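Protein chains in written order, with my numbering: chain A, 1 to 640; chain B, 641 to 1280.
Hints listed in this document are in silico derivations from the structure and should not be mistaken for laboratory results. Given the structure is predicted, the values throughout are model-derived calculations rather than measurements. Think of the CB as a built atom: it goes at the ideal place given N, C-alpha and C, for glycine as much as any other residue. Incorrect hints may have been included.
[Claimed, not checked] Partner residues are not named here, just some residues of chain B that face chain A (Cβ under 7 Å, in silico):
| no. | residue |
| --- | --- |
| 1 | 677 |
| 2 | 1179 |
| 3 | 1246 |
Number of protein chains: 2
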Amino acid sequence: MSPPSMMVVTSPPEVHKVVLPPSKTTVQKLRHRLAEIFFPDAPFDKFRNQSFSNRFLLGLQFLFPIFVWAPNYNLKLLQSDVVSGLTIASLAIPQGISYAKLANLPPIIGLYSSFVPPLIYSVLGSSRHLAVGPVSIASLVMGTMLNEKVSYIDQPTLYLQLVFTATFLAGVFQAGLGLLRLGFVIDFLSKATLVGFMAGAAIIVSLQQLKGLLGIVHFTNKMQIIPVLTSVFQRRDEWTWQTIVMGAGFLIFLLTARKVSMANKKLFWVSAAAPLTSVILSTLIVFFFRSKLHMISIIGHLPKGLNPPSSNMLHFHGSYLGLAMKTGLITGILSLTEGIAVGRTFASLRNYQVDGNQEMMAIGFMNMAGSCSSCYVTTGSFSRSAVNYNAGAQTTVSNIMMSTTVLITLLFLMPLFHYTPNVILGAIIITAVIGLIDYEAAFRLWKVDKLDFLTCLCSFFGVLFISVPLGLAIAVGVSVLKILLHVTRPNTAALGNIPGTHIYQNLHRYREAQKVPSFLIVSIEAPIYFANTTYVHERMLRWIREEEEWITKHNGSILKCVILDMTAVTAIDTSGIDTLCEIRRLLEKRSLQLVLANPAGNVMEKMHHSGVLESFGLNGLYLSVSEAVDDISTGWKCQP
Amino acid sequence: MSPPSMMVVTSPPEVHKVVLPPSKTTVQKLRHRLAEIFFPDAPFDKFRNQSFSNRFLLGLQFLFPIFVWAPNYNLKLLQSDVVSGLTIASLAIPQGISYAKLANLPPIIGLYSSFVPPLIYSVLGSSRHLAVGPVSIASLVMGTMLNEKVSYIDQPTLYLQLVFTATFLAGVFQAGLGLLRLGFVIDFLSKATLVGFMAGAAIIVSLQQLKGLLGIVHFTNKMQIIPVLTSVFQRRDEWTWQTIVMGAGFLIFLLTARKVSMANKKLFWVSAAAPLTSVILSTLIVFFFRSKLHMISIIGHLPKGLNPPSSNMLHFHGSYLGLAMKTGLITGILSLTEGIAVGRTFASLRNYQVDGNQEMMAIGFMNMAGSCSSCYVTTGSFSRSAVNYNAGAQTTVSNIMMSTTVLITLLFLMPLFHYTPNVILGAIIITAVIGLIDYEAAFRLWKVDKLDFLTCLCSFFGVLFISVPLGLAIAVGVSVLKILLHVTRPNTAALGNIPGTHIYQNLHRYREAQKVPSFLIVSIEAPIYFANTTYVHERMLRWIREEEEWITKHNGSILKCVILDMTAVTAIDTSGIDTLCEIRRLLEKRSLQLVLANPAGNVMEKMHHSGVLESFGLNGLYLSVSEAVDDISTGWKCQP
């Protein structure tokens, strides 16, 4: 097949008219715009031209992704799911207990949270590899944000009420974002922000574990690095060597297991089994030497039985509602970001789609239901999902399997954890969060984009020294500022022709590009908005000034025409239109012609509506720079 | 001259390499970027290659623009300046007194403020037509913001201290913005924001003048529309018909004079002379009928003499410092915006440049000096500058002339204002602010850009119903959101070839554009940033899905290659690069080739630094869509 463009190179140059986009009413435009904002993936396309029963089935599959794969479920898939489910259960139980401690909650809440939410997710969720349950970041943030206002030691009931209320509100917020299809809100936590945030949080979490690892009893409630470190060293009298030895031993064991698994993906089960092994081993040690190791603090009594209902503990009034809302919002966003990022990662490895908005609803409903059954905020965990994936999980049945295992634990095995030492939980947490510190990503940010690296630093130090919400807010602010900066100070470049082509390129970048005599061709590489009109105005005048200086110096032919390459001017507003007119007026006074090349559809439309388009007229608009140059210089030759 | 592109249309198609921009060190890049941010107009270029004495002269001219025109000043210019100076003085004296009342200040402060600041501006300012003095908006905002916390009736001294402190801080802020070359900050008050804000403020100001016009004694301190209207109607017992008749009469006179001047620009002196005429007439009426018109409130005693020093009234401590800072910031920004907009308007009419940053310094220093000599915040007034321009002002000598007239008034004529009725001040204010309501601009916003209109409405209703700072903040928020929305949801379009050219255009917009078989050409019209990576990813997959559906339906030739037109992708960040890689990986799995056409310099650079560029290789990058199509389809023909 010969493309059309090749056949016609020999035809005489022809000028094509720049046309307006097909005219639409305001309502049509609004509809199109809203569809692009809220339904970029056109989820309802597949419902078109379908029978009613098909539509019903599609709708059911849309709401409950379980119906997509359930009809084809078979024994072979079940086998894989059982194996992976048991594997992640062995990880989920010790991690659940540990993370609950991180959120200043009784360990049993961590197990409750590993039972109900995974069941709900398995029906609603669209990721097949996500392992659902409590996660370190959300636990830490919830724990510190609430504990700063309400002490979990002095007011345990109020604290618990706030945890469940915040979890419910996080769920409402998450489901709301999904329902309103505002999923793009979480996109504003850029990768750079997250890399910095995760690293900062991991360092704080690890340092806080020194409490358990050193055996300190009195510890700060704060989460900034300075009070935490102060606490560690001020309480040297509370350090106990037995705890330290046991903690260090198991920490080394766990970190070694992690290294082994990282070096060889097939040995993923080493790090997956290590936490439960450590729990069992350490519990046995403490149990058998309990007379000698009484100074090692242990979990103690844990109630047997299923999740008790907790809907009576949700309080949406009183002076702490603001705190619960704020905590819910922050943990909601953070857990959503983690859950969706993890879901997308594994989906892309297996080539299926995870619908962000649907995931938000699934995670949201799972948290709302969880908050009524004694669970705190949960999401998809990166570490457990990786194990799940490596263990061969095929569907969310692995989550059901894990839930069942947790159920059995809750019903029968709770007394076994009585002598589990708290120090082992600290070691498990450190091993889990250490992977969140991603030096390589940070280094890559530095190499590729200095401003991204700055964002990363802001969130890192913000979290370490100020607080999680403020650290995140600063990082998001820097990210947004970066976008605004790009718009406020857009690139402009003078273009030249590449001999032998119709291509006009940056003179500064392409050595072979040549200035076209009597023309100044400038491209503006951003929308022309109120925020940059002054800049564009001044910069254009400077381009012209510099060109004229160049001509005087090099004895070039006099400047007659300025061509603005509008290809990258993807939008314009009223201030921008005024600026274009102003530049045109100024150039006319100097007998210079201003011509626009390739204005985008909506730019044309706005210029048309404001009546400016007509003033440019037929001779002021061209479809490409090359047509503009050809046509105008031909005109000059005809009328010398 | 024949442009190079015309001579070579017949040469065989050739493929040009996409090159990286000339490599620069991080420091060089940073320098270039900072220069573009802070010195887009390259103000130091003219200092290059100059002798020392020339440099000194240029520097002097740069700091004190008076040296630019002073050497060529002559008698003829002086004549024009004297006439225009006297004209604006006749306007400045009644307006000064009125605006001081608007700021809840003694009328004499308004005259003080029309004396010192114009003198300073005439030395430092670069606009030749700006008439400097108190203005309505800044007076209103300062008056209401301070009076909400400190009553000007109960604590007049504290109120005055706060006014001078706020003025000083406004000056510091303004000069600081100029010195740090952060002038673009005021660009964020877009035209749409200002149209709405001005209209809202004009309505509030006019309604507040009902106090004077109706003769009400007890009036609200607030500036929202509801308390103001409530005050007007609750105090019907205080209305006095003599005041109303006099107010209405002079208001009609002033408005008629304004209409006459607007209909015929040559009669500008009618509206220029009207306020002083009204003041003289009304004073005479009240003076001669003072026994019968005792219910009409009058200005009363005004002290004679020059501005007393007020530097001892500046207080930078205490509980009200925050209030003074906030007020200074808001009035500083507002007066800066007005002054610079006015300066630019008249500069563009007369073809000279007004340097924004320099103007900021001039206005800032003038306010700092003003605050030490009993002046409150001043800037360039639109109405008086227009009169100045029309009266033929040539340089800032007209400001000096005006100052001199005010000086004479202060020294000798103050007792004449004793019987001036307050009602006339209200009429003068209403006539001045009514011009700020710009229906036509609002209608144009609606026609051209619905989102701009929304911004305008937000600031209009925000100012009317909430408060000036919040109304402005909301409007700026909406404007910024608009920029972010454009980045978050960029346009994407499928391109087709326009037969007989190398041009590829939007298939939807250009009927003549034709799909190229086996190719899908998509252009993305925004930088690829963290905020839109998810969207770009989903939207690309949808384009491919839709293209494949179209092919199945129309029995087209199978899709083999996707070309991304990157012309409008003016920047990319690390998330964006990851997304491109991800899309490429997904397409490779489906045996589709992904090719980039015309990637911008900095995009290339970032892809190079992240090591992605190499993975695209030579066959994955083309200088234009047309070269990509030609080369790839030639390749297919060679290897079928």
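| request: May I ask which of the numbered hints given earlier this structure violates, with the numbers listed in increasing order? | output: No hint contradicted; all consistent.
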